[in-house]
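Undergrad: Work out the full structure, taking the sequences as your base and the hints as a guide.
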Amino acid sequence: MIKRIESKDNKEFKKFKSLKTNTGRKKNNLFIIEGKKMLIEAFTSKVSIQNIIINEDFKDLTILKNRKESIIQLKNSLFNEITEMKNSEGILAICEFLSNKEIDLSKNLLVLDNIRDPGNMGTIIRTAESFGYNNILLINGCVNIYNHKVLRSSMGSIFRVNLKEIKLEDLNILKNTHLIYSMSLSDNAESIFNMTDIKKHAIIIGNEANGVDKEIIEISDKNIIIPISKNVESLNAAIAASVTMFYFNLISTVKEKKIDFN
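All the letters of the sequence shown, read from the start, carry residue numbers 347 to 608 under my numbering.
Simulated from the structure, these hints should not be mistaken for lab results. Positions of the beta carbon are idealized from the N, C-alpha and C atoms, including for glycine. Relax, there's no trap hidden among the hints.
Pairwise CB distance ranges, derived in the manner of DEER restraints: (1) N374 / N518: 33 to 39 Å; (2) A555 / K510: 23 to 29 Å; (3) L531 / F592: 16 to 22 Å.
Simulated pairs of lysine to aspartate or glutamate, DMTMM-like, Cα-Cα distance not exceeding 25 Å: (4) K349 / E402; (5) K372 / D355; (6) K545 / D567; (7) K383 / E430; (8) K373 / E511; (9) K421 / E435.
TA: Listed below in structure tokens is the structure:
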């Protein structure tokens, strides 16, 4: 049965609308995902969903078949107050915060240092899963992972990777198990293409404007750089992360004569 809400004074509607803000999400431990693809990804990944919300124009009820969640139809004007998409498909879901997954320290890691751009964050998460970096550490106040642009650009990968916030001092502990490679524009940075014997490691990608924190640079085992044309100042964080993860994984796996990102 589909419940209908028509008034902006409705308590449930007010709660849904509050989830557009970091404060509202944190207060309720809930976040919003939008679009059929994201819902299907959430279904497949067994994300805990409280409500599925549709507008008056949504007709593809097959996606709702056999779903046990509460289904709510909002008047179009109310739905438009919640959606973050310019061309909404007319469906979104209210999800519980993702459960904290343990970081697998036996694997290579990706560390994101103060990544502030939501699009970059989501793209990095998606690319990380693609290249087998399923364990991601966040440090120094990265953008909120439940930001709608982060969720959308991750294309569902955010539901499957392991994400954990850490403190700067935790990196010193990582040095006991991983080589620390920091992307850097410093004078002593070496080309990633000079790295030919890559053991268990953590790649650190820094803030879009300021790069990797100086304290992190100092404790890194190697500072690395991607050689580019002198006509280009730098690569953005998502592209730098993608190139580095691909190359490091290629070098690590080619010795075994196979390419396997799982």
